[in-house]
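The chain contents come next:
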Amino acid sequence: MSYLKQVAPFDTTIRDYASFLIKLSAVRFKGIGSFHHSSIHPTESNNAILAPAVGPLLNITTTTYPLGPFATNRERYTALLNDLRERAANRLWSDLNLNACLYAASLEAQEHVDQCEEMAQEEDTYITHGDLKPDIFRVRKDGSIAAILDWEL
Amino acid sequence: MSSAYTAPFAEAFAPLIWYDDVPHQMLHDELVRQGRPDIAKAVLGGAKYHQLNFLLRGFMGAPLDFVRKLRRAILGSQAEEVPDTVDRWLAQIGERYPNDTRFQQLLAITEEDVPRGPPGCLLFFDKEDPVTIRDIVEQGLEGDHMRYSINEAEFDHAELERAKRQVATLEAKLQARAAHVDRAKVELARIEAAKPTNESTKSTVNDVVANTRVRNTESADQSSKIPCTVDVSHTASTKQAATPTTR
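Chains as they are written, first to last, in the numbering used here: chain A, 1074 to 1226; chain B, 606 to 852.
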């Protein structure tokens, strides 16, 4: 049983979550990455609006610096899996066997990424939460969602 | 990843990671009911992104379970079965990538090749000038990492003796300092004992004033023997001291 199912009328939570996802689908971006301050300032001539820009992907697990932004998920996962192999080859993890397993799994994952047509598509992008686990929810007693926390935007 | 980011539709609407499939199916059905079958489809197809992001964080759990879930998430029913042991799976990948020297090195190294460190000690290497564990083992390269070694053969006994001597020297210095401090405390106590209190200071001033008057009025012979006798009855400050005002 999941955390949410134990604490609230779960169908209400699911209904609210579905509505929330539908709202998120209305906001579109270009590129895969994290939000940064935009260098474009709205003026009368450029007709721009004040909005965050999609920049390099902030990722605490990469070796040195943020990678991206990326045009496709294939580009993104290829770069991040390369980085994972770099870390495993340098034995970042103290468990020797884990380094070999992570390296092997990243090679296998790369094969799947290379073959997955869905990941090769260049398309509009949408905001997604980076830590998709149930404790980011604050749920009322009736099961409705009061807040979704920890976006770290 | 720990912060929000932008992703293509199929990943952006991958749902929360629940640990069974029932909530995913409920969310799918609800999205269909609310008129969004496209998001509903992304919900059921989100597992491959979950698995990839687990991997990028270094979370594998049991390796074979992870590989099985990854294959099923991406290939569905066409997924090939995983070997029955981790060693066989690693060997299988090794055969597919014979020219990947880094992976072949990882496969060749055993626990015995690795210098042991205290629990929780991670070995980091300079990326610009990498020194691999194989280099250390085969070429006897030395570096800061060797300080963490607890192998008897690699333990520096001379360094231990040096450290012990240094501690003994510092302890002797501390004891000498402590004796010096004790002597200073005794001297301080002696000085403090001699210090007059405020009450005794007032009475001493009054006594001095009174005595001075007495000396001035008693005999000229006796006053002449006191070189610093002052006629305080003519000085304002002494008057003040002799007759303190009440405020």
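Derived from the structure by calculation, the hints contain no laboratory data.
What you are looking at is a predicted structure, and each value in this text was computed from that prediction instead of being measured.
Each hint should be verified, as a subset may be incorrect.
[Said to hold, decoys possible] Taking lysine-lysine and the PhoX-like style, the derived pairs with C-alpha atoms no more than 20 Å apart in a straight line are:
id, chain 1, residue 1, chain 2, residue 2
1, A, K1096, B, K800
2, A, K1206, B, K674
3, B, K800, B, K790
[Stated by the list, open to error] Reference listing, derived: stretches of chain A covered by chain B, where coverage requires no fewer than 3 residues with Cβ under 8 Å from a Cβ of chain B:
id, segment
4, 1102-1116
5, 1159-1169
6, 1215-1222
Virtual Cβ for every residue (Gly too), placed ideally from N, Cα, C.
inquiry  = Output the indices of the hints that this structure fails to meet, ascending.
reply    = Result: hints 1 and 6 break, sorted rising.
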